[in-house]
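S.K.: Fit chain B to the supplied structure of chain A, relying on the hints for placement.
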Amino acid sequence: MAHLLVTALHLEAVDAEQLDPDTPLFGTAPGSLALDSIDALEIALAVQRKYGIELRAQDQVTGQIFASLRALSAHVQRCRVHS
Amino acid sequence: MTTLFVAGVGCWAPGLEGWATARAVLRGQTPYASRAVAVPAPERLPANERRRATISVRLAFRVAEDALAGTDLAADALATVFASSDGDTPIVDRVCRALCDRLPSVSPTDFHNSVHNAAAGYWSIATGARGPSVSLSSGDSSFASGLLEAMGIAIVEDRDCLLVAFDVSPPPPLRGPCRIGEPAAVSLLLTQRRRPGSLASLRISMVSPELETPMRDAALETLRRTTPPARALPLLAMLACEAAGSVRLQGAGGRTVALEIGTF
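Top line first, the protein sequences correspond to chains A and B.
Position 66, counted from 1, in the first sequence is what this note's numbering calls 66; the numbers after and before it change by one each time, with no gaps.
So this note's numbering is basically just the index in the second sequence, starting at one, shifted up by 83.
Same shape as in the complex, but just chain A (with noise of 0.2 Å):
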């Protein structure tokens, strides 16, 4: 997932092996990855073509999902494993 996200954002100085999963991805927190919208459509799209998992921006839980890259394989997990 970490590889994924540096790919498809194109993020400058971050390596994916190093990237800690509990790292804020969006917002102003010391340490967030500062992400911001066009991203998170990015990301929805990116694990929408690799695993086949459609993230919906209504959906209430996606704010906790796009929280950090722990909780992004998380549910990424749940729902390979759901389907």
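Since the hints were derived computationally from the structure, they do not count as laboratory data.
Idealized CB from N, CA, C, for every residue including glycine.
Worth double-checking, as some hints may not be accurate.
Stated by the list, open to error - Label-pair distances were calculated between CB atoms; the ranges are:
(1) B:182 to A:80: 22 to 30 Å
(2) A:23 to B:183: 30 to 38 Å
(3) A:21 to B:155: 43 to 51 Å
(4) B:262 to A:78: 46 to 54 Å
(5) A:60 to B:262: 29 to 37 Å
(6) B:117 to A:31: 44 to 52 Å
(7) A:21 to B:182: 33 to 41 Å
(8) B:176 to A:23: 31 to 39 Å
(9) B:121 to A:37: 27 to 35 Å
(10) A:23 to B:262: 44 to 52 Å
Claimed, not checked - Computed, partial: chain A to chain B, Cβ under 7 Å:
(11) 22
(12) 32
(13) 36
(14) 38
(15) 41
(16) 42
(17) 45
M.R.: Showing chain B alone in chain A's frame:
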């Protein structure tokens, strides 16, 4: 005819990376050696915008920064004109390929970059510029049409104006209709009044068709003819040499753009 002044010049083209390098070549102080153009790193773009910036946006930014370097003009006070013959053809190619996928879905970043005024958008975000901005396309005469537009804006809107002309090589499927050779970008910073450091005065008019001013160096003439921003090279050569005189550029609609360059 109104006279404007050139406060700065930018250039990023094969073998002419940066105005300082281009100036030395165009003055005959350094021999011209064409080489693959390096993708520049814009300095003014915030990180989130920089990582999304395409090669064409990076070229446009680099020459805009080049023209502003050494002047005290505030970027956010300038009007802007961005001129590109074919726009961002690599993005057109990516969007078309995405639409042909088994699961048609266009990357939001590619969509964001697919508009013809993408470079203008990045520039206004980066500099906070809220002045008039025009993004135009005029084939091989894109630089000349952009210059005409920029001079018109400077006079009518009573603002100093930054002109940026840029083009990138099209990907293989688009090489038939789009005939751009090497990526290149050129910029001019035009002011209404002569300023300390102004390079030249400039007057423009549209005249009946005349032959374009060529470059004497064969390799530079090839560059001039094969990438639309490089049509500016005869003007840049006069600015580099601090020479007064005339330059003829191919204009839109079969007409010729006549430039009169004055020195101080």
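S.K.: CB of residue 21 of chain A to CB of residue 155 of chain B, is that within 43 to 51 Å?
M.R.: 48 Å, holds
S.K.: Close enough to count: is the Cβ of residue 22 of chain A nearer than 7 Å to one in chain B?
M.R.: Violated, because the Cβ-Cβ distance from residue 22 of chain A to chain B comes to roughly 21 Å (cut-off 7 Å).
S.K.: Can residue 32 of chain A be said to touch chain B, with a Cβ gap under 7 Å?
M.R.: Given a least distance of 12 Å, the restraint on residue 32 of chain A is violated.
S.K.: For the restraint on residue 38 of chain A, tell me whether the closest CB of chain B is nearer than 7 Å.
M.R.: OK, holds: residue 38 of chain A within 7 Å of chain B, min 5 Å.
S.K.: Looking only at beta-carbon atoms, does the pair residue 262 of chain B, residue 78 of chain A fall within the given range of 46 to 54 Å?
M.R.: Since residue 262 of chain B and residue 78 of chain A have Cβ atoms about 52 Å apart, the given range 46 to 54 Å holds.
S.K.: Within 29 to 37 Å or not, the Cβ separation of residue 60 of chain A and residue 262 of chain B?
M.R.: 52 Å, violated
S.K.: Is the hint on residue 36 of chain A kept, meaning its closest Cβ partner in chain B is under 7 Å away?
M.R.: 6 Å, holds
S.K.: A range of 30 to 38 Å was offered for this pair. Does it hold for the Cβ distance of residue 23 of chain A and residue 183 of chain B?
M.R.: Between residue 23 of chain A and residue 183 of chain B, where Cβ atoms are some 36 Å apart, the hint holds.
S.K.: So the hint says 33 to 41 Å: do the beta-carbon atoms of residue 21 of chain A and residue 182 of chain B match that?
M.R.: 34 Å, holds
S.K.: Is the hinted range of 31 to 39 Å satisfied by the C-beta distance from residue 176 of chain B to residue 23 of chain A?
M.R.: Distance hint for residue 176 of chain B, residue 23 of chain A holds at roughly 34 Å.
S.K.: Taking the CB of residue 121 of chain B and the CB of residue 37 of chain A, does the distance hold inside 27 to 35 Å?
M.R.: Once the Cβ atoms are compared, 32 Å apart, the range 27 to 35 Å for residue 37 of chain A and residue 121 of chain B holds.
S.K.: Can you tell me whether the CB distance of residue 117 of chain B to residue 31 of chain A sits inside 44 to 52 Å?
M.R.: About 45 Å separates the Cβ atoms of residue 117 of chain B and residue 31 of chain A, which means 44 to 52 Å holds.
Of the numbered hints listed earlier, those contradicted by the structure are 5, 11 and 12.
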